[in-house]
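**Q** Just so you know, the protein sequences line up as chains A and B, in that order.
Taking the numbering used here, the leading residue of the first sequence gets 422, the next gets one more, and so forth.
Taking the numbering used here, the leading residue of the second sequence gets 422, the next gets one more, and so forth.
Just so you know, not all the hints are guaranteed correct.
Identical copies carry no separate label here, and so any pair may be met within one copy or between two of them.
Stated by the list, open to error - Below, a list of computed lysine-lysine pairs in the DSS-like style, where the Cα atoms sit at most 30 Å apart:
{"id": "1", "residue 1": "Lys479", "residue 2": "Lys629"}
{"id": "2", "residue 1": "Lys431", "residue 2": "Lys687"}
{"id": "3", "residue 1": "Lys785", "residue 2": "Lys687"}
{"id": "4", "residue 1": "Lys732", "residue 2": "Lys444"}
{"id": "5", "residue 1": "Lys690", "residue 2": "Lys444"}
{"id": "6", "residue 1": "Lys768", "residue 2": "Lys504"}
{"id": "7", "residue 1": "Lys823", "residue 2": "Lys488"}
{"id": "8", "residue 1": "Lys629", "residue 2": "Lys768"}
{"id": "9", "residue 1": "Lys455", "residue 2": "Lys443"}
{"id": "10", "residue 1": "Lys443", "residue 2": "Lys687"}
{"id": "11", "residue 1": "Lys823", "residue 2": "Lys431"}
{"id": "12", "residue 1": "Lys740", "residue 2": "Lys687"}
{"id": "13", "residue 1": "Lys617", "residue 2": "Lys488"}
{"id": "14", "residue 1": "Lys479", "residue 2": "Lys728"}
{"id": "15", "residue 1": "Lys740", "residue 2": "Lys785"}
{"id": "16", "residue 1": "Lys444", "residue 2": "Lys687"}
{"id": "17", "residue 1": "Lys479", "residue 2": "Lys687"}
{"id": "18", "residue 1": "Lys660", "residue 2": "Lys768"}
{"id": "19", "residue 1": "Lys740", "residue 2": "Lys488"}
Calculated directly from the structure, the hints in this document are not laboratory data.
Because the structure is a prediction, the values reported are computed rather than measured.
2 protein chains.
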Amino acid sequence: MFQINDNYQKLPGSYLFSTIAKKVAAFSEANPDKNIIRLGIGDVTQPLAPAIIEAMHKAVDEMADAKTFRGYAPDLGYEFLRKAISDNDYKARGCDIEADEIFVSDGAKSDSGNIQEIFSTENRIAVCDPVYPVYVDSNVMAGRTGTYDPATEMWSNVIYMPCTRENNFVPEFPKETPDMIYLCLPNNPTGTTITKAQLQEWVDYANKVGAVIIYDGAYEAYISEDNVAHSIYECEGAKTCAIELKSFSKNAGFTGVRLGYTVVPKELKCGDVSLHSMWARRHGTKFNGAPYIIQRAGEAVYSDAGKAQLKEQIAYYMKNASTIKSGLQEAGFEVYGGVNAPYIWLKTPDQMTSWEFFDYLLEKANVVGTPGSGFGPSGEGYFRLTAFGSYENTVAALERIKAL
Amino acid sequence: MFQINDNYQKLPGSYLFSTIAKKVAAFSEANPDKNIIRLGIGDVTQPLAPAIIEAMHKAVDEMADAKTFRGYAPDLGYEFLRKAISDNDYKARGCDIEADEIFVSDGAKSDSGNIQEIFSTENRIAVCDPVYPVYVDSNVMAGRTGTYDPATEMWSNVIYMPCTRENNFVPEFPKETPDMIYLCLPNNPTGTTITKAQLQEWVDYANKVGAVIIYDGAYEAYISEDNVAHSIYECEGAKTCAIELKSFSKNAGFTGVRLGYTVVPKELKCGDVSLHSMWARRHGTKFNGAPYIIQRAGEAVYSDAGKAQLKEQIAYYMKNASTIKSGLQEAGFEVYGGVNAPYIWLKTPDQMTSWEFFDYLLEKANVVGTPGSGFGPSGEGYFRLTAFGSYENTVAALERIKAL
C-alpha cells in the first residue's frame, strides 16, 4: 500500500492568504452592499506598462508563423533575457554576475519553495520572524523543521530570528548556528530593511559559519535610500555563500504574468560540489522553462521605454505607501516600513491581536489587510497593509480608517 | 556547515536531451555546411493555431487596462479553463471529473517531476523500461531509488517493467508489488499503447495491491484506434487509484507556451488523507498559477475554431508519422508505434547500439533521433524518431535514410 509524505500532515491550517480570501468572501456574501478595499495580499493593480504589452503582442505574432515559432525554451532561460538581467541588475551595479549564473523561472514563489530541494534534509534553517510563509512551509514539506508546537506556533527545528520594534525589525545573529538562512530584504512583511554595511555582516557571518543565505530580493525596486544594497552580491564574499531570488511581480506588475529568476554563483560550493550544477539539474528535470512570450515581456522590462514606464509605476505605488504611512500616523497608529518597501507594518491598537484587528478593520472600515501573526509568532500584535491598491482606493481606505 | 541533497550525486551523466543537444552542436560546428534535420526531441514545429493566437492577443490587451488587468491567478487555475477541461476532456467522454479536481500547471514535465513530492520516500516505484527520464530522475532526487549500478544501468530500488518486441511493448504486472506505478500511454518513447481492456486490468491491479498509478496522458490527442482509452478515468475504479497528467504541448503545440494539468480525484485517499488536499497544498505553497494569458490560450484549445484547427495540426503530424513508418519499412527497418502516437520506435540494424546508430544517422544522413538506451536499459538496440518536424523535412529525412 502506498504511503504519503507525512510531513504534510504537520502543516497547521491552510495557507495564510487562502484563509484571508475565505474570510473576505464570507463577509462579502453577508454584506453585498459594502465596498471592500483590499490592501491585504501583495497583488498589484496597475496595468502592464505599454512597452511590455507591445513586446508580448510581437512575441504572440512570432508564435503564429512557422518561421519565427518557438518551441521548448532553453531550460535555464533565453539568452536575451539572462543577458539583460546580468547587464542591468548586476553589472550596472558593479556585481560580477554572468548571464549563465542566472536561472529564469516562473516566479520567485516557485523558486523560494523549490530551492531547499538541493540541500540536505538534515540542514537547519533560520528565518526571520515574522516571515513570508513559503520559506517555512516548503521546509516543513521536506521534513526539515521538526515538530510544531501549537502553543508557541513554532517548529522545534527552526531557528527563529525575531524582528520586532525592540530591535527595529533587524534580525540578530542567532545563538545556534544555522545551515541555511532565509533573508528577505527589503522585508516582507515588515517593510523595513537593513543597510549595506549590516548586510555585509550577514555575508561575513555566513562565510564564517559555513551557512548559505537564501536572499529574497523581490522588493528591491522599492529601495529609495542610498545606503541599502540592491543585491547581496554588492557585498564582498557573497558569491561563496549566497543564492539570490528575484521577482518581476512587484517591479513590473507580473503577479499574473509569472516570471522570476534565481542567481546561483558558480563559486558557491559545498566541498567540491557546485550548487550551480545542482540547480541546473533540478531545473532541467523538474521544470521546462518560462513561456517565450513571457520571457520577451521580461526583456522589455529592461528596455529604455520599459524602464521609464516602470519607474513611474513604482513611484505610483510608493505614493500610496506614503499616503498610508502618514494617514496612519495622523490617526495615531505606530507605523513602520513604507520607505524602501511597498509594505506598511503597524502595531495594532488597544492590545488587539492581529486577527482581532483584521476582523475589526474588515467589519468597521471594510478594509482588508493581513494579520501579522500569519507571518509568524513575533508578528502577533502587528498588521500589514500594502501599497499595491489604486491611489483612489488607498486614499478612501485611509479616510475610513481615520474615521474609526 | 550546510550540506547538499546527496541524492543528486547519484544521478549518472546529464539529462538525455542535453547530451543530444551537445553532440549535435559539436557536429554542426565541425560540419557547418550540413543541413541537419532534427527528429529527436519531441518539440513541435507548426505555429500556434489562429484561435489561440487571437485569444492571446485579447488577453494581452486585457492586461493593458486597469479595468481588465489580472494579477495573481487562483492557485489551482482559472475556473474558465478548469471547466473547459472538465467538460471537454472528461464529461464529454463519460468521465465524471469535476472542474475542482483539475489543477492547472505550467506543463506536464513539472507535474510529472513534482507529483512524487506528496508521497512517502519509502514508497517503491515501478516504471516501464524504456521510459521518459523525468519519472526516474525526480525519484532519484527524492531518494526513493536506492543505488545505481552502472553495469546494468538500473537502480536497486526501482521495479522495472521491460517493454520490448518480445511482449509487444506492453508492460506486465511486476513480480514485486510497487507502491507507485508510472504509466505513459500512448507511450513515450515506444509509440505503442494498450487497449482500454488492458488498462482496466492495471486499474484493477492497482486497487487490489494498494498502489497509485501516475498516468501520463500527454499523447492522448494522437489516439486513432477505437479500443484505446483517452483517459484512465474511462476505466472503472480509476478514481480511487489514479492521478492523470495532461499536457497542451503535443495536442496544441504549447511546448514553448507551457501549460498542462493534473487530475487528482477527490476519492483518491491514503487512509483518511485526501491526496487532492495534499496536491492543493503543494500547489498553493510551491507554485503561483499559470499566466493568465496562457490560460486564455488553453481555453481557446476547446473553442470550436480551436478544435477544428488543432484537428488539422494533429493530422499533419500523423501524416509525418505514417511517412516515417512506411519509409523505414521500405528501407527494411523493423518499426513500431506511429499509429496512436507521434513517435516511431525502430530496431537498430546490424546489432548497432542505440548510440552507435545515433552517431551513424547523424554523420551519414545528418538526421537527429533519440537513442533508445537513453530511456532505460531495455531501450538498448532501439531508436526513436518523432513526427513533429515539418512535412518537407520529414520526407527529406526519410529519403536520406532510404539512400543509406
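**Q** It remains to establish, for every hint, whether it holds in the given structure.
**A** Going through the hints against the structure:
| no. | hint | in the structure |
| --- | --- | --- |
| 1 | Lys479 x Lys629 | neither (49 Å within a copy, 53 Å between copies) |
| 2 | Lys431 x Lys687 | between (36 Å within a copy, 21 Å between copies) |
| 3 | Lys785 x Lys687 | neither (53 Å within a copy, 38 Å between copies) |
| 4 | Lys732 x Lys444 | neither (35 Å within a copy, 45 Å between copies) |
| 5 | Lys690 x Lys444 | between (45 Å within a copy, 28 Å between copies) |
| 6 | Lys768 x Lys504 | neither (43 Å within a copy, 43 Å between copies) |
| 7 | Lys823 x Lys488 | between (59 Å within a copy, 28 Å between copies) |
| 8 | Lys629 x Lys768 | neither (36 Å within a copy, 57 Å between copies) |
| 9 | Lys455 x Lys443 | within (16 Å within a copy, 61 Å between copies) |
| 10 | Lys443 x Lys687 | between (44 Å within a copy, 20 Å between copies) |
| 11 | Lys823 x Lys431 | neither (41 Å within a copy, 61 Å between copies) |
| 12 | Lys740 x Lys687 | neither (39 Å within a copy, 46 Å between copies) |
| 13 | Lys617 x Lys488 | neither (48 Å within a copy, 40 Å between copies) |
| 14 | Lys479 x Lys728 | both (19 Å within a copy, 25 Å between copies) |
| 15 | Lys740 x Lys785 | within (25 Å within a copy, 66 Å between copies) |
| 16 | Lys444 x Lys687 | between (45 Å within a copy, 24 Å between copies) |
| 17 | Lys479 x Lys687 | neither (34 Å within a copy, 41 Å between copies) |
| 18 | Lys660 x Lys768 | neither (37 Å within a copy, 49 Å between copies) |
| 19 | Lys740 x Lys488 | between (45 Å within a copy, 21 Å between copies) |
The earlier numbered hints that this structure contradicts are 1, 3, 4, 6, 8, 11, 12, 13, 17, 18.
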